[in-house]
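Peer 1: First to last, the protein sequences are chains D and P. Numbered according to the numbering used here, the first sequence spans residues 8 to 445. Numbered according to the numbering used here, the second sequence spans residues 8 to 445.
Simulated from the structure, these hints should not be mistaken for lab results. Misleading hints may appear alongside valid ones.
Because identical chains share one entry, a pair is satisfied inside a single copy or across any pair of copies.
[Unchecked claim] Only pairs whose alpha carbons sit at most 25 Å apart, straight line, appear in this in silico DMTMM-like list of lysine to aspartate or glutamate:
id, residue 1, residue 2
1, LYS377, GLU306
2, LYS377, ASP409
3, LYS377, GLU329
4, LYS377, GLU300
5, LYS377, GLU328
6, LYS377, GLU397
7, LYS377, ASP317
2 protein chains.
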Amino acid sequence: MPAFHRHAAILAIGDELTLGQKSDTNSQWLSARLVDLGVMPGVRITIPDDRAAHARILVELARSHDLILSTGGLGPTDDDLTRHALADAMGEGLVEDEGALETLRVHAASRGHDLTLARRLQAMRPPSARMLPNRFGTAPGIHATLERADIFCLPGPPREMVPMFDACVAPALRADPARAVTTRVLHSFGLPEAEIGTRLADLMQRGCNPTVGTTASGGVVSVRIRYEGEAGAGATATAGVEGTVRGRLAPHVFGGGADTLASVVVRALSARCERLVIAESCTGGTLAGAITEISGSSEVFETGLVTYADATKTRLLGVPEELLRSHGAVSEPVARAMGEGALRSPGGASARHALAITGIAGPSGGTPAKPVGTVFIARSSRDGGEIGTEVRRFLISGARADIRERTVTIALAILHFHMSGVATPHLLWQVPLQGAKT
Amino acid sequence: MPAFHRHAAILAIGDELTLGQKSDTNSQWLSARLVDLGVMPGVRITIPDDRAAHARILVELARSHDLILSTGGLGPTDDDLTRHALADAMGEGLVEDEGALETLRVHAASRGHDLTLARRLQAMRPPSARMLPNRFGTAPGIHATLERADIFCLPGPPREMVPMFDACVAPALRADPARAVTTRVLHSFGLPEAEIGTRLADLMQRGCNPTVGTTASGGVVSVRIRYEGEAGAGATATAGVEGTVRGRLAPHVFGGGADTLASVVVRALSARCERLVIAESCTGGTLAGAITEISGSSEVFETGLVTYADATKTRLLGVPEELLRSHGAVSEPVARAMGEGALRSPGGASARHALAITGIAGPSGGTPAKPVGTVFIARSSRDGGEIGTEVRRFLISGARADIRERTVTIALAILHFHMSGVATPHLLWQVPLQGAKT
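Can you make the complete structure from the sequences, with help from the hints?
Peer 2: Pasting the structure below:
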């Protein structure tokens, strides 16, 4: 057993992963949790359900790592081979664990079925290993030691894996106090990644500690600051760099850590006791979905109107039919009428702000004047008895799902900038209201 | 250069991946594409921005693979080290590629900025390698050969990587005609995975060809059928097994391949020229979002009402205040009134069906009688002049996001079963209307 866990490897097992039929969310989650706990995650490996290859990789990883976390392959079916591969790697066989067997018996009895041989396999472990109880499924996990490495085999379903990690693995981790990792992530919207790279060039040079790096996703550019060294020194070192980064990117930094544009907007509305109403067409409910994903959003959000059809824009938002006929549903006047109509509609009675979206997410529906990706976003806000509205036009690249996701991000950013009292800058994908030159 | 590509490895590079700050969608995408193209993907590895480790892994992989696809590390910043690691692995240095340099010069000139030394680095490659043009970004890809392995280094951003794979990598792949892979995936809802395992036990034994495996996600259990062997024989072999699987799981199989419950529901509505209106509370727009994610949904979906607040349920759906007071918003009578109210509301005038959802997604808001995860789902359908409604109660496990996602899946499944003319079976997480025993 190692004195400290300094080098961690993460292993994901399953044909459904290597064949690309299922996404592996466990490995990323484990990486992030290890960082939080001060253990440095290194390589991540995904392998098919192949007992020999699995055993070989465990042996190789145990030579250069002191912590190996694996997910998957613990179930009752024939392609669940993790316990066999682990036993092979350890040069041991498998024995039945009395406690685990009893748990399986009780579970089977409570469901009124027999404990089949296949299910009974889940109670097997290498003799020198111990079982990790599974509170949310039938397959227990396994903790074993190979060379100097601690190996934790966890089940594949995240709802079983996550609680098992927190209950059994996290308390067993021993972070190296001299190599503690402190990470801080800031999120920005509105500046291209290259521009941020230029502004932070000196901080991003290799060899710096803290290191600074950027990643972009859907228009949001995140800056990660990572300090590795004496525990205790990390907070001060990252805080200093964080201040510098915020200063150079202000006002574009909207949050850090687990913040999202949606969570920041909900927080700002909540702090000011203001409410939001949403009217959306091409995003079809995903803007409302992004807001209501945030716990506590019920304080600031009462109504979303998904007005996918022209007739519904008229019936629910009072958009004049004449406007739809003369300008088309995807137009500046209609976006404006949707935003103001949302505030005036029964669902918007108590709202201070409205966000309205109309656009063409594709793949069909585009025209030369309004190609796929054309989106109008209106923000309307009550100010005394008046309603003030700003409308922006965008030409967003990507497939249907990208266009919808980016539209939601931009709409949230527009409201965020407005509520921060910052003049909203020219945004990514924004084009003049009369359209881009072709 | 290998005669055929029989063993492929996929490599993803970046600290933001190994630190868990960003999800890697490229590797899964590449896996699935390779399967489509008849090349068997094996191990997938994710490594930090570490030049020495990167070079070492390339050398190791090249010993046992004939195809290596890597993503990331080709950009202009100091932590982009893919080209250096590749050169190290090949025992070569780096030279400037004239064509790539010219492309960078033109790009810089068009933006009115100088070609910095950092950006110029993107034109470097090992002398024996060749550049792969990038139509959607500045960093070209690289194609090299090491031992008998073809190595393709692709950029990290999916919008650059995907077109480069299709343009430069796919045409260069040589699938082994004797080991072609044919895959078919069927999706089911309503049966637990263990029950499916029992029904398909003989097909799922190891050593079968086609192999059959299952994976579960959010209540949907997918059955994958994979044949590996002579090209041409795969279609017949998988079709035979597919027929057997469908027979044993009917009526629970709702689709295959890229089908989702949402796409199947949209297709069924479209085929019958029927429309859907949605009223949702705790899912906050995500059910409407799931429907409108499907291209062509505008034919069958006009209106979604996100009635997050009680007042909005009354104003937009006509749910009597008295009902809300006496039963609470999360109740069978309110779900029923929401479904029927949605059909009678201005937005539901042309709809045949309504789905209505009211529940407690948490983390707060639960009570002993109605704990977090309690969800009522109503389906209302017009039949002549009448409206018929079914309401079901669920107690869904998981965190807020899980509860919301599973609720959407169940609601879609209820409508799917209804439209298929199948008596909707007792569903996962369903409990009696008066509540689960505690």
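Peer 1: Of the numbered hints stated previously, which ones are contradicted by the structure, given in increasing order?
Peer 2: When the structure is compared with the hints, none of them turns out to be violated.
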